[in-house]
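**Q** Be aware that the sequence shown starts at 1398, since it is given in our numbering, and climbs by one per residue.
Warning: the hint list may mix true and false statements.
[Said to hold, decoys possible] The calculated DSS-like cross-link candidates involving lysine-lysine, where the alpha carbons are at most 30 Å apart (straight line), are: (1) 1638 <-> 1540; (2) 1640 <-> 1701; (3) 1898 <-> 1820; (4) 1938 <-> 1918; (5) 1820 <-> 1701; (6) 1820 <-> 2041; (7) 1701 <-> 1927; (8) 1559 <-> 1540; (9) 1758 <-> 1828; (10) 1743 <-> 2041; (11) 1546 <-> 1617; (12) 1898 <-> 1832; (13) 1743 <-> 1617; (14) 1927 <-> 1898; (15) 1994 <-> 1938; (16) 1832 <-> 1758; (17) 1600 <-> 1638; (18) 1898 <-> 1736; (19) 1918 <-> 1994; (20) 1736 <-> 1820; (21) 1512 <-> 1547; (22) 1930 <-> 1880; (23) 1736 <-> 1880; (24) 1559 <-> 1547; (25) 1832 <-> 1809; (26) 1526 <-> 1559; (27) 1524 <-> 1540; (28) 1820 <-> 1640; (29) 1809 <-> 1828; (30) 1526 <-> 1540; (31) 1559 <-> 1546; (32) 1927 <-> 1743.
[To be verified] Between beta-carbon pairs, the in silico distance windows are: (33) 1672 <-> 1792: 51 to 59 Å; (34) 1961 <-> 1703: 34 to 42 Å; (35) 1700 <-> 1806: 29 to 37 Å.
Everything labelled a hint here was simulated from the structure, so no lab data went into it. Only a predicted model underlies this, so the values are computations on that prediction, with no experimental measurement involved. Even glycine gets a Cβ: it sits at the ideal position worked out from N, Cα and C.
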Amino acid sequence: MPELFKKPTIGSHLWFIYILSFVFLGMLWYYQWMLGLIMTVFLAASLYYSYRQEQQMINDTEEYISTLSYRVKKVGEEALLEMPIGIVLYSEDFTIEWTNPYMNRLKEEDSLVGKSLNDLSDDLVLKVKEDNNEIWLSMEDYKFQVMIKKEERLLYFFDRTKQTEIQNLYHNEQSVLGIIFLDNYEEITQAMDDTAKSQINSKVTSILNEWSNDYGIYLKRISQERFLAVMNQQILNQLEKTKFEILDEVRELISDKNVPLTLSIGVGLGGVSLPALGELAQSSLDLALGRGGDQVTIKDENGKVRFYGGKTNPMEKRTRVRARVISHAMTELVRESDKVLIMGHKAPDMDSIGAAIGILKIAQASDVEGSIVMDPDDVNTGVQRMVEEINGNEELRSHFMDPDTALDSVTKNTLLVIVDTHKPSMVAEEKLLSKTEHVVVIDHHRRAEEFINHPTLVYMEPYASSTAELVTELLEYQPKNLKLNMLESTALLAGIIVDTKSFTLRTGSRTFDAASYLRSKGADTVLVQKFMKEDLDIYVKRSRLIEHTHIYRDGIAISTGDPGETFGPVVIAQAADTLLTMSGIVASFVISEREDKRIGISARSLGDVNVQVIMERMDGGGHLTNAATQLDDSSVEDATEQLKAIIDEYFEGGAEE
C-alpha cells in the first residue's frame, strides 16, 4: 500500500528527541530545580503543540482518503457504465449474464441478459471457444477488437471502426501501375495500309479510353502497342471483380485478316516506391507474355502473383528469324563452354528425351562434349520402349549419365541446357542449377511463377506444339556438318507426335514443317508407333480408371481411382486423353493415388475450358488444353471436392487464372 494512504503516526525520531529531553530535564531538576521547573513548562507546551498538529494531520489525511475513495468509486462506476467500451459477462453455456449499458445501446435493445453470445455475432461462440485471447468481429456497421478473459468469462469490446476505415483508406489509396501491351498488333497491322491501321488504332484507343474513364484510371499511350495505366488499389479491386472484361472487349475487334486483337496487362502493386512499382509491372507483363498473352498478371511487393484471362489459345507469332537467331546464339554459347549438359524434367516423357537428343546434336556439331542427364530409376512405362531402343545404340547410349555423375563432372564453364520445363523443382537434378553460371531454358509450356533464376538464354514459345518442335527448328539452322541418324530424328518426331496427340491438338503449320524436316532425315513413323505401344495390363488399368467417371456440370468428366489403388502418371494422363474423345465431353479430369503416395490429377480440354487455370489453383500448371498437378497430404475424395469447388468458381466467377 502506498505511504500516502497509510494512517500517519508519530515518527521514531520524535520519540527519540522527547526521551532525550526528559533525561536532560531530570538532570536539570537534580542540579537546578528552578530552571528545571521552567523547562518543564516549555516541554509540556511543546508536547501539547506536537500532539495537536499530529491529530490535525491525521484528521486531514483521513478526510482526504475518504473523499478520494468516493471519487475513485464514482470513477469506477462511470468507467463501467459510461465509457465507450463494451463489457459482457457470460455463463458456462455462453449465455449473457450481464452487459454494461454501452452494449445495450449498440444493439438497440433494453437488455441482452439471457441471450446467447451468437446474438451479438453469428460465430462469436466458436471464436470464444478457440484458443485465442483476442479476436476481431463485425457487428452492425462496426468493427470490434474483442479481448477474451476465459477464466473470468469476460469479454471487452473495443470499437476499432475508425481505425479500420483509416487502414482501408490507406490501402485503397496505394498507387498501382499497369502496363498494357497489344500482343499481336505488329503482326496484324504490318500488311495494312495507313487507313486500315488508323481505323484499328482508333478503335483500340476508344475502347481503352472508355474503360479507363469508367474506372477512373489515368491512361497514356507510350508507343504504338504499349499503354501506361495509373490507378489505386480500390480501382484494381473493382477490375478484379469484373475479371478484367476489357480483355474480352478488345478481343472482339476482328481485323481484316479475321484475327482477333488481344492484349496483355502487367500490374505492379504494394507499398513500395514508384520505380519499384514500375519494375513489378514490367515483370508482370513479361510473365503474361511468357504465358502466351491475352491475360492479366498482377504481382505484389512480396512476389505473389495472380492471373486473369488466358481464355484463348495463344497466337502463333514466332518467326523463322527468331529461330535462326536463337540457333546461332546457342551455337556461340556451346562453343564458349567446356562441355554441355542437357537435362529435362523428372519422369521424362518422349518430348523431353527427344528435345535433349536434339540439343546433344547441336553440341556435337560444334565439336563440344555433350551429355544428357537422366535418372535411370525415374523412367516410366510410357518411354520404356524408347529408352530400350536408345540403350541398344552404343553411340547414343554413351552420352547419357545419371545425376550423381553429372554433379561430379560439372564446372563453372559448363553450359546447362534445360528442356521441356522451366521450374527448378521439376528438373531431374536441381543441384546442377547452382553449379554453373551458364543456363539455357528451352520450353513450350506457359510460364509459371516459379522460374529458373538468371538464365543466360531463354527460348520459351507457349504456342509451339512441343519442345521437340522448337529444337528441330534450331537444328535446321546449325552447320551443314550436322547429321541426324534415324533413331535421333525418330526420337524428336516421337516427342512431337505424343505432345500433339498425333497432330490433333496444339498443331500449327510450323509443326508439320518440323515433322517434314525430321522425316527427310530418316525419322521412322513405324518405330514411333512401336514406342507408343502399350501393354495389355496397362490398357485394362486405364479402362478400370475410366469406368469410375461421372459428369460434373455440362461436359466436365471427372474420373476417380479407388482408394488404395495406385496408377502411374502416364496411365492417369492417358485416361484423361481417352475421356476427351467421348461424345459431349469438353474437359476431363482424372484423379488417382500415385505410387509416390501423392494424389495425381491430369486435366485435358478441347479449348473451351482453360484447364491450366484450374490446375494452377491446385499448385500445378501446363497448357490451356493440357495440365496436371500432384498433391501432398491429401486423399482422392478431398482432391475431388477441392477440384469441384475450383471448377464452380471458374464457371460462376469467370475464367480467372
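**Q** Tell me, which hint numbers fail for this structure?
**A** 4, 7, 11, 12, 13, 18, 19
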